[in-house]
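Asks: One-letter residues, chain by chain:
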Amino acid sequence: MKTQNNRGWFFVLPVLLLVAFNALIPIMTVVNYSVQETFGNNVFFWQGLDWFQQLLNSDRFHAALGRQFLFTGLILVIEIPLGIIIALSMPRQGVWVPVCLVLMALPMLIPWNVVGAMWNIFTLPDIGLLGYLMNHTLGINYDMTQNPLAAWVTIITMDVWHWTSLVVLLSYAGLVSIPDAYYQAAKIDGASNWSVFRYIQLPKMKTVLTIAILLRFMDSFNIYTEPFVLTGGGPGNSTTLLSIDLVKIALGQFDLGPAAAMSLIYFAITLLVSWLFYTLMTKDDAK
Amino acid sequence: MLTWMAWTWPTAFVFIGIFSAMAVLTVLEIRHPGGDERRGILGLTTTRGDRLFISLLGSVYIFLAWLGLMGEPLWIPLGLAIAWGVFCFWKV
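Each protein sequence line maps, in turn, to chains A and B. According to my numbering, the first sequence holds residues 1 to 287 in order. According to my numbering, the second sequence holds residues 1001 to 1092 in order.
Hints in this document: simulated from the structure, not taken from any laboratory. Predicted, not measured: the structure shown is a model, and the values here were computed from it. Just so you know, not all the hints are guaranteed correct.
[Unchecked claim] SDA-like mimics (lysine to any residue), calculated; alpha carbons at most 20 angstroms apart, straight line:
hint	chain 1	residue 1	chain 2	residue 2
1	A	K206	A	G190
2	A	K187	A	L169
3	A	K206	A	F217
4	A	K283	B	R1038
5	A	K283	B	G1040
6	A	K206	A	Y182
7	B	K1091	A	L276
8	A	K283	B	F1019
9	A	K283	A	S220
10	A	K248	A	S220
11	A	K283	A	L202
12	A	K283	B	L1057
13	A	K283	B	A1081
14	A	K283	B	A1083
15	A	K283	B	F1053
16	B	K1091	B	T1045
17	A	K283	B	L1064
18	A	K283	B	E1037
19	A	K283	B	L1074
20	A	K248	A	Q54
21	A	K283	B	T1045
22	B	K1091	A	K206
23	A	K283	A	F267
24	A	K283	B	P1010
25	A	K283	B	V1092
26	A	K204	A	S220
27	A	K206	B	L1044
28	A	K283	B	W1075
29	A	K283	B	L1002
30	A	K248	A	L18
31	A	K206	A	V196
32	B	K1091	A	S220
33	A	K283	B	T1011
34	A	K283	B	G1017
35	A	K283	B	I1041
36	B	K1091	A	V196
37	A	K283	B	S1055
38	A	K283	B	L1025
39	A	K283	B	G1043
40	A	K283	B	T1026
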């Protein structure tokens, strides 16, 4: 049998401690809260699985979950193809490469709450550039504080503006790593642009795209700050995504038990979708 | 010190169970290194750890689905979850 050197584990120890304190212990606490009722002062009453049962049959939760899947689905359907198209049209060499890269990276450098505030002002009907243009110049009734459709269009556009760059940069990294020999071979064979994309570029981008889709799924599924600052979940409840609803329950109503149960279901969904997606995308690599 | 974590015995047992399972896997891994990697009937290449993860995640959904659709008591989903775990370690 091969002698194994397990000294490497000591180097993992600091990370393990860090994860224990910022993830493991909090999540254990959430599990404990999810089966109890509290009114503060560290006094708890056993509640069993009531919160879970209540939540699983609650229309409010179903609606928020539906909105969350709609939001995540829409931004993935828009951002992934758009990111690939932009990455394909970016120059591979020359002075414009750094210019493009910096321009692409700029939106991602802006803090999330600032993005929300920027878009909020940008879309105000009376003074915002976009809001004024739509309402007063083009005559389109556009007010995201009144109209749910306008609110949805705004949060989707904002997320596309903020995060498509991530897909672009990852795809671009995948594209530039393709050796010239592949393109030369394709040229000799007389391959069309579509064939080059389908059989050379797309397979070579698969790994980075897996990461991009996973990151975009998790980030958009857990999104809170931007829609909260932009619409506050309104008008009505039309843009109340899962995280916004969760914070309303936990901090607004101080219902820590139901909020803990909701967090765990939320976590289970994120975990399952991420696992399924990762497993399906990497399934062929293991062969 | 642990009052803020609001421990209860049932939730403590859940975590003791999960950590014991991980400890057992660690011992198995030391005895038989390599994770017993194989290609199961779902077409996935899994190690012992993967199979534990799939069993636990699947059990969570079995219980949640039963609780949401049928309500308590949860003896039947407990049986289903155990069967699912056995299936995972046996075939997946």
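Asks: Hint by hint, note whether the structure agrees.
Replies: Structure-based check of each hint:
| no. | hint | in the structure |
| --- | --- | --- |
| 1 | A:K206 / A:G190 | violated (24 angstroms) |
| 2 | A:K187 / A:L169 | violated (26 angstroms) |
| 3 | A:K206 / A:F217 | holds (16 angstroms) |
| 4 | A:K283 / B:R1038 | holds (13 angstroms) |
| 5 | A:K283 / B:G1040 | holds (12 angstroms) |
| 6 | A:K206 / A:Y182 | holds (16 angstroms) |
| 7 | B:K1091 / A:L276 | holds (18 angstroms) |
| 8 | A:K283 / B:F1019 | violated (28 angstroms) |
| 9 | A:K283 / A:S220 | violated (24 angstroms) |
| 10 | A:K248 / A:S220 | holds (19 angstroms) |
| 11 | A:K283 / A:L202 | holds (17 angstroms) |
| 12 | A:K283 / B:L1057 | holds (19 angstroms) |
| 13 | A:K283 / B:A1081 | violated (25 angstroms) |
| 14 | A:K283 / B:A1083 | violated (25 angstroms) |
| 15 | A:K283 / B:F1053 | holds (17 angstroms) |
| 16 | B:K1091 / B:T1045 | holds (11 angstroms) |
| 17 | A:K283 / B:L1064 | violated (27 angstroms) |
| 18 | A:K283 / B:E1037 | holds (14 angstroms) |
| 19 | A:K283 / B:L1074 | violated (34 angstroms) |
| 20 | A:K248 / A:Q54 | holds (17 angstroms) |
| 21 | A:K283 / B:T1045 | holds (8 angstroms) |
| 22 | B:K1091 / A:K206 | violated (29 angstroms) |
| 23 | A:K283 / A:F267 | violated (24 angstroms) |
| 24 | A:K283 / B:P1010 | violated (37 angstroms) |
| 25 | A:K283 / B:V1092 | holds (14 angstroms) |
| 26 | A:K204 / A:S220 | violated (25 angstroms) |
| 27 | A:K206 / B:L1044 | holds (19 angstroms) |
| 28 | A:K283 / B:W1075 | violated (35 angstroms) |
| 29 | A:K283 / B:L1002 | violated (42 angstroms) |
| 30 | A:K248 / A:L18 | violated (29 angstroms) |
| 31 | A:K206 / A:V196 | holds (14 angstroms) |
| 32 | B:K1091 / A:S220 | violated (35 angstroms) |
| 33 | A:K283 / B:T1011 | violated (35 angstroms) |
| 34 | A:K283 / B:G1017 | violated (30 angstroms) |
| 35 | A:K283 / B:I1041 | holds (13 angstroms) |
| 36 | B:K1091 / A:V196 | violated (40 angstroms) |
| 37 | A:K283 / B:S1055 | holds (19 angstroms) |
| 38 | A:K283 / B:L1025 | violated (24 angstroms) |
| 39 | A:K283 / B:G1043 | holds (8 angstroms) |
| 40 | A:K283 / B:T1026 | violated (25 angstroms) |
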